[in-house]
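Trainee: The lines below spell out each chain.
Number of protein chains: 2
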Amino acid sequence: MTTKDIGEKLVALCNQGKNLDAISTLYDPNIVSVEAMGPPGMPLEAKGIDAVRGKNEWWIANHEVHSGKSEGPFVNGDQFAVLGNYDVTAKDGPQKGQRFQMKEVGVYTVANDKIVREVFLY
Amino acid sequence: MTTKDIGEKLVALCNQGKNLDAISTLYDPNIVSVEAMGPPGMPLEAKGIDAVRGKNEWWIANHEVHSGKSEGPFVNGDQFAVLGNYDVTAKDGPQKGQRFQMKEVGVYTVANDKIVREVFLY
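Protein sequence lines correspond, in order, to chains A and B.
For the first sequence, counting from 1, position 54 maps to 54 in the working numbering; every step adds exactly one.
For the second sequence, counting from 1, position 65 maps to 65 in the working numbering; every step adds exactly one.
Calculated from the structure, these hints are not laboratory results.
What you are looking at is a predicted structure, and each value in this text was computed from that prediction instead of being measured.
Just so you know, not all the hints are guaranteed correct.
[To be verified] Think about it this way: if two alpha-carbon atoms lie no more than 25 Å apart in a straight line, the pair counts; the simulated BS3-like pairs of lysine-lysine are:
id	chain 1	residue 1	chain 2	residue 2
1	B	K103	A	K9
2	B	K47	B	K114
3	B	K9	B	K103
4	A	K91	A	K4
5	B	K4	A	K103
6	A	K103	B	K69
7	A	K4	A	K18
8	B	K4	B	K91
9	A	K4	A	K96
10	A	K103	B	K103
11	A	K69	A	K9
12	B	K55	B	K103
13	A	K96	A	K55
14	B	K9	A	K103
15	B	K69	B	K55
16	A	K69	B	K91
17	A	K4	B	K103
18	B	K4	B	K18
19	A	K4	A	K103
20	A	K18	A	K91
21	A	K9	A	K47
22	A	K69	B	K114
23	A	K96	A	K9
24	B	K9	B	K91
Produce the complete structure using the sequences and hints provided.
Mentor: See below:
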């Protein structure tokens with residue numbers, strides 16, 4: 001598969017709300033996921049597919065998603081970017097009950113037909 | 001300056017059509033600029049501020065820009081991304097006379113308050 005093929009599969013699955021299926025089918029066991037910000041004391045890097053799946057499950061459990069749209073992929077070599085637009089309400093934590101809109105860019109690196117690294121910029 | 005500061009300056013200058021000013025003021029002399037595609041035989045990487053300025057001058061000279069908008073920055077650590085939307089007509093080359101819309105993601109890396117690397121994904 002090309003980088004573009006993998007990016008298109010990721011975007012399609014995310015737009016169907018199947019983010020966890022995307023992790024199971026497209027992510028490398030040793031995926032590294034890098035956030036820009038996080039709660040104090042929480043590492044910004046998650047390493048390994050179980051940690052990344054857990055991060056996604058936490059996000060899904062703690063946000064009511066009013067709408068979510070992924071756009072892309074935008075490709076260069078072994079990397080692709082996806083633009084994400086979310087309209088959510090936090091169910092828990094310091095933003096509990098607040099509705100907010102997020103726009104982020106995810107930059108994904110592919111090796112051997114699997115996503116090995118994702119970096120979120122916002 | 002923070003990564004975000006530099007990203008905001010870049011976005012502001014690009015939205016004023018001052019792309020060459022952005023290069024002069026924000027780019028490192030040893031900037032590396034990476035395209036996803038290019039004419040056959042042309043390297044995808046441009047190295048050094050003069051090569052990058054030349055690439056921009058070529059683009060400006062060879063495209064009529066109907067509208068251009070940069071959005072961002074989206075930040076993570078020493079990197080920021082900018083979403084670019086362009087509506088242009090090619091003045092020369094194989095697409096001469098054709099009007100087309102482009103959407104791209106630029107990912108910029110900052111070191112010592114200067115942009116040292118830019119990668120364009122589309």
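Trainee: So, for every hint listed, does it hold in this structure?
Mentor: Right, here's what the structure says about each hint:
no. : hint            : in the structure
1   : B:K103 - A:K9   : 20 Å, holds
2   : B:K47 - B:K114  : 15 Å, holds
3   : B:K9 - B:K103   : 20 Å, holds
4   : A:K91 - A:K4    : 35 Å, violated
5   : B:K4 - A:K103   : 15 Å, holds
6   : A:K103 - B:K69  : 16 Å, holds
7   : A:K4 - A:K18    : 19 Å, holds
8   : B:K4 - B:K91    : 35 Å, violated
9   : A:K4 - A:K96    : 37 Å, violated
10  : A:K103 - B:K103 : 16 Å, holds
11  : A:K69 - A:K9    : 14 Å, holds
12  : B:K55 - B:K103  : 18 Å, holds
13  : A:K96 - A:K55   : 18 Å, holds
14  : B:K9 - A:K103   : 19 Å, holds
15  : B:K69 - B:K55   : 19 Å, holds
16  : A:K69 - B:K91   : 35 Å, violated
17  : A:K4 - B:K103   : 15 Å, holds
18  : B:K4 - B:K18    : 19 Å, holds
19  : A:K4 - A:K103   : 22 Å, holds
20  : A:K18 - A:K91   : 20 Å, holds
21  : A:K9 - A:K47    : 22 Å, holds
22  : A:K69 - B:K114  : 33 Å, violated
23  : A:K96 - A:K9    : 32 Å, violated
24  : B:K9 - B:K91    : 29 Å, violated
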